[in-house]
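Protein chains in written order, with the working numbering: chain E, 1 to 366; chain A, 1 to 366; chain S, 1 to 366; chain P, 1 to 366.
Keep in mind that a hint or two might mislead.
[To be verified] Residues of chain S clear of chain P, computed beta-carbon distances all greater than 10 Å:
no.: 1; residue: I64
no.: 2; residue: K113
no.: 3; residue: L170
no.: 4; residue: L176
no.: 5; residue: R182
no.: 6; residue: G193
no.: 7; residue: S209
no.: 8; residue: E251
[To be verified] Pair ranges (Cβ atoms, derived):
no.: 9; chain 1: A; residue 1: G32; chain 2: P; residue 2: S327; range: 27 to 33 Å
no.: 10; chain 1: E; residue 1: E265; chain 2: A; residue 2: P166; range: 54 to 60 Å
no.: 11; chain 1: A; residue 1: K321; chain 2: E; residue 2: A175; range: 56 to 62 Å
no.: 12; chain 1: A; residue 1: N53; chain 2: E; residue 2: E265; range: 52 to 58 Å
The hints are simulated quantities; they were obtained by calculation from the structure and are not laboratory data. Glycine included, every Cβ here is placed at the ideal spot set by N, Cα and C.
Number of protein chains: 4
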Amino acid sequence: MSNTFGETLKVTIFGESHGTAIGAVIDGLPPGISIDWDEVRREMARRAPGSSNLATPRKEKDQIEILSGYFRDHTTGTPLAMEIRNTNQHSGDYDILKDHMRPGHADYTGFVKYGGFNDYRGGGHFSGRITAPLTFAGAIARQVLEKEGIYIGAHAADVHGIRDCPFHPLGEEKALFDRLDRKKLPVIDEEKGKAMEEAILAAQKEGDSVGGMVECMICGLPMGLGDPFFDSLESEMSHMMFSVPAVKGIEFGSGFGFASLFGSEANDSLHYAGEKPVSLTNHNGGVLGGISSGSPVLFRLAVKPTASIGKRQKTIDIAKKEDTELSIGGRHDPCIIPRAIPVIENAAALVILDLLLTDRRNSHVR
Amino acid sequence: MSNTFGETLKVTIFGESHGTAIGAVIDGLPPGISIDWDEVRREMARRAPGSSNLATPRKEKDQIEILSGYFRDHTTGTPLAMEIRNTNQHSGDYDILKDHMRPGHADYTGFVKYGGFNDYRGGGHFSGRITAPLTFAGAIARQVLEKEGIYIGAHAADVHGIRDCPFHPLGEEKALFDRLDRKKLPVIDEEKGKAMEEAILAAQKEGDSVGGMVECMICGLPMGLGDPFFDSLESEMSHMMFSVPAVKGIEFGSGFGFASLFGSEANDSLHYAGEKPVSLTNHNGGVLGGISSGSPVLFRLAVKPTASIGKRQKTIDIAKKEDTELSIGGRHDPCIIPRAIPVIENAAALVILDLLLTDRRNSHVR
Amino acid sequence: MSNTFGETLKVTIFGESHGTAIGAVIDGLPPGISIDWDEVRREMARRAPGSSNLATPRKEKDQIEILSGYFRDHTTGTPLAMEIRNTNQHSGDYDILKDHMRPGHADYTGFVKYGGFNDYRGGGHFSGRITAPLTFAGAIARQVLEKEGIYIGAHAADVHGIRDCPFHPLGEEKALFDRLDRKKLPVIDEEKGKAMEEAILAAQKEGDSVGGMVECMICGLPMGLGDPFFDSLESEMSHMMFSVPAVKGIEFGSGFGFASLFGSEANDSLHYAGEKPVSLTNHNGGVLGGISSGSPVLFRLAVKPTASIGKRQKTIDIAKKEDTELSIGGRHDPCIIPRAIPVIENAAALVILDLLLTDRRNSHVR
Amino acid sequence: MSNTFGETLKVTIFGESHGTAIGAVIDGLPPGISIDWDEVRREMARRAPGSSNLATPRKEKDQIEILSGYFRDHTTGTPLAMEIRNTNQHSGDYDILKDHMRPGHADYTGFVKYGGFNDYRGGGHFSGRITAPLTFAGAIARQVLEKEGIYIGAHAADVHGIRDCPFHPLGEEKALFDRLDRKKLPVIDEEKGKAMEEAILAAQKEGDSVGGMVECMICGLPMGLGDPFFDSLESEMSHMMFSVPAVKGIEFGSGFGFASLFGSEANDSLHYAGEKPVSLTNHNGGVLGGISSGSPVLFRLAVKPTASIGKRQKTIDIAKKEDTELSIGGRHDPCIIPRAIPVIENAAALVILDLLLTDRRNSHVR
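Required output: the full structure, derived from the provided sequences and hints.
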């Protein structure tokens, strides 16, 4: 029950969509890391609204400010704190949402959980906006990982039933990940990408939204990260991913596809490639017994359609205690996938760096 | 990186398949709970091998012994420790597995992670046998939940592509869960069950195995359990479920099916049923913003085919550093789902009781 | 290894003395608490420098700013984040301290631990200034406790060997604690207070400093807080107190005085006072077997003399790798006790509220 | 609120004095450690009752049994579980203690905390007997530390006011620690030891008990262990030490003696001894800013007189709800210090190994 994630690298996030500021405290970063802030800002810009016609045109003039933990261009080893002041708030827009519970959102569960004291403006602490500090923290982790030769990429595997070409389970070049990073809708197959865009814009026109799937891959991971019980790599990764709003499912490797495989098909055989044992298949998505196997870590996430839609919906008015209808005004993402992808990649980086730092402690006292 | 799960109710497990004993320490159980040990043993018998022709005929004469924490027929409030002595070990059967890495198992990742010091006999600490103490702990949690009106059920939603009738997303009667509990292969649709059995036995005949899906439902949960960041109900549940060997995916509610829904279809509308707001759909699987919504919690797990198969497979011999072939002798489960179901139900009970106990602390200082 | 304290009420602190800002994130505060901010500021002013002739005349124009977690005059139940911008920094004053390690400070241990990357200005993250956000968090906890009838007081039990009259081990009136709160040097015996002041001012004149002891008492605590292993009330309290800079010892009740008592003298007998069992002595300082006994919690802390002194001291220059001498310029506290007292009281409040909230979860599922 | 201690090396303990078994699960031990079990048994024998005329003549035929985590003479890297079956229980002896609350014990606080469900026989989970598994775990940690050149020693610094010669604050030879280990009452000054023995036996004759102080030193620790907030070396050590029954105070270095020192006396100056900075004093007990300074870690503990005494004491009968008198029969330790010393040394080893393993993770990603 806590806004802190991680065992060795602990990230604490705070803030509400329309409060004074949102931010993060990152505790456990090794000292002496020089951070490329432009790169961090670039990752955050990918997540920011207003970046393309596929996302909400809302602008967030998000200025990150480092409060502590960075001195003479290096991490100090003590907590690195960051904040983003909330601006462009239009809190008044949200007055109706005090009593009219948005379907598909946590408005009513939050109301009950917090006894009516939660900040309801823009979803408050439930807002997707809280993923900005998460992306920030992950972007730092990602830089550390890249120096270790670990690369992360993701793409829109599916938008409203239109499927992109999947990653090759045995790994992809970093160049592909770099190309994907620069796209407003990261896909491998451009034709599919165009069809997806059309589906998104069509839904938007109707005041509606669409969901899909994101596929994420982590290459270059050493063997041995994660534990059989209870902190498997899959456990840690899924724990984090279900903190990303709209994620409703996760599968590793063949995932739900295992249901139609025989064991003899599903087992990844081992072979010697010179001195090094390798697998020529990756049904297990780079994780065996909860531990990284040396094959790329590969997982897919189910992303639900944006809950905020313009279409008129049935819901309740908790002040009047009666049924009502609601059309959510304002500018919403007709599909959250383009903006979810950088959140997912960077959140994955946090998980992996935490596992990596945690693993390092075990290897030296014998 | 730890064999302990839970925030308020902490369960620590230990043991290897062929070591002296396996067991659990449960810390945080409230004092004064009277446990129905017959019921605990019944849950453990459901998980035990040798219970039907669908499972390995291996027998484990598992005697649970309570070491502490239970006095005069009630929990004391201090750690409840339990052990099961390992018997029927035939360790010799496993000598070949010291060097021949079983594909689809953690033999080689474990070898690397633990520098070759792990107990390789029967999978050691990676063995499915370690789920026995987990089932034990969960069976106690389940009894506590039942007194609170919270019921858990699961069934084989899919075996090798044969699909059972799903749970009704708005809830099922406890009577159905009770009926499912008594079946060797818990299914709702008996016809489908027979087809599944045939598929399992056919695979077994070939020295092969099959996978599938398990659907699990939790009814009677109060609203408000779980947190938006980072300990959502989905995060906690998936963290636990990926500790159950062979689980490779999890989806809540419509899960991956959200990819083809519009927001206007996917959002669960709210209505007043008298004083009480309810939803007439449950696409979100009982969780909104990471928090229990009052609808039944509903999730499906992807279960991979048993990795241990009799069929000859390619693999490596790490002593000789050369490729080899391996046919895993002994008696294996041709499909792990019948035995995984009680593990899943009881592990889910642990997660829910931990969330429930954790939640209670928040509600009293105002 | 973490800047987060607490199990149910988690406080994360960040910042360096001369960085951009210092602050705290408080996670786990129940929703619906209305905070008296003037009272919080009053507690922080007690800790602030420049408040009397006994403390450093440095002024910190500390403005607390609430970043999140407080909405419409109540806590939301989500993280309450706060920051204080650093002003009046005179970083240049500290240039010499980059290489000249101050004796009695963590300059050199910090240099080694963080590989030379720590912020050395004003002690960086080791600075006593980091107790400002701790005091802030504790002042909120204290308000919650007071509503529950739990009061905390502390006084200068000893300054350079001059001893104040001790608290009565069976408890003191809140009125006494209130009077102590308003004194620049909180003592019970004014005569002793004057002698202490003289000792402090005499040391200051010599460019030196003095230490002493602080006695702290918590009245009104219910029985049953804390655990035998490993989270005894004494364990939790000492864990926190040794985070307060300059604290080098803690004793509960008769503490080191137990060395000269017989068991028959040391045991606190129980008697019925009407329906209620009470003790007429409190040698155990309100804690038995790690658990609050219902008697006031009473502990004393050893506080070392301020390490920063004007007097010339021998030390090392790590740049030149040679011995040198150092006279620490600037304005220092000749005795830290007057400013440590509010830190101690409020940090104690954090510990107690965490124990109280943690305890609440145990009492409801039977 | 948990029977688990440690961040990287987690020890979970369980059991009651007169339950079926007591034991420990050690999670996080690196794989590949070969343990000298005779040495572990020797440490446990030092703690066991019946070892000398200064301790209770009760015999515990404690057989340790390893349940998991040790394979082919090395740790596996997965949980090492151990149990000791309780024998020689004489539970009947304790029937009177169900209702007659022993003064100075946790009988009544435990009764209230656990709602009357705690095991009252022999103190149940509060019993000093629970330190046996703690000593076991610590004895393993100690062996690991010794291979790293880290040595721990302790002695009876004070028994009922009779003071032993203190350790030299700049360190002692391992040979002295070894000699102390073999004594039934570890003291440096044999004359003082004899006087202490007489004081103990005299108290015993009166059906009474005495307390004292234990001084503990850790030599060979590298610089940099521990953190400024909140997990200082002092915080971690005191957290553990207050879990050792009868410990009521802890001070590091000059501790409460700082109250009469000037800053100019108390600061440990630094000098170059060749390339290496050293201090010629150790007022800070080897810890500066919460971090190990390279000087030996030195602390003293206040140990209260054994609460169980034969002398008649006033107390309450909670069944009859009336005052009564109690003379505790059976065989008790007239002074717990001889048996507390090995517990303290080994518990200290656990803390240090945890800090060491935790520290290792930070040093590799730059």
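Each hint tested on the structure:
no.: 1; hint: I64; in the structure: 19 Å, holds
no.: 2; hint: K113; in the structure: 4 Å, violated
no.: 3; hint: L170; in the structure: 16 Å, holds
no.: 4; hint: L176; in the structure: 23 Å, holds
no.: 5; hint: R182; in the structure: 24 Å, holds
no.: 6; hint: G193; in the structure: 16 Å, holds
no.: 7; hint: S209; in the structure: 3 Å, violated
no.: 8; hint: E251; in the structure: 3 Å, violated
no.: 9; hint: A:G32 to P:S327: 27 to 33 Å; in the structure: 31 Å, holds
no.: 10; hint: E:E265 to A:P166: 54 to 60 Å; in the structure: 26 Å, violated
no.: 11; hint: A:K321 to E:A175: 56 to 62 Å; in the structure: 34 Å, violated
no.: 12; hint: A:N53 to E:E265: 52 to 58 Å; in the structure: 24 Å, violated
In this structure, the earlier hints numbered 2, 7, 8, 10, 11 and 12 are contradicted, and the remaining ones agree with it.
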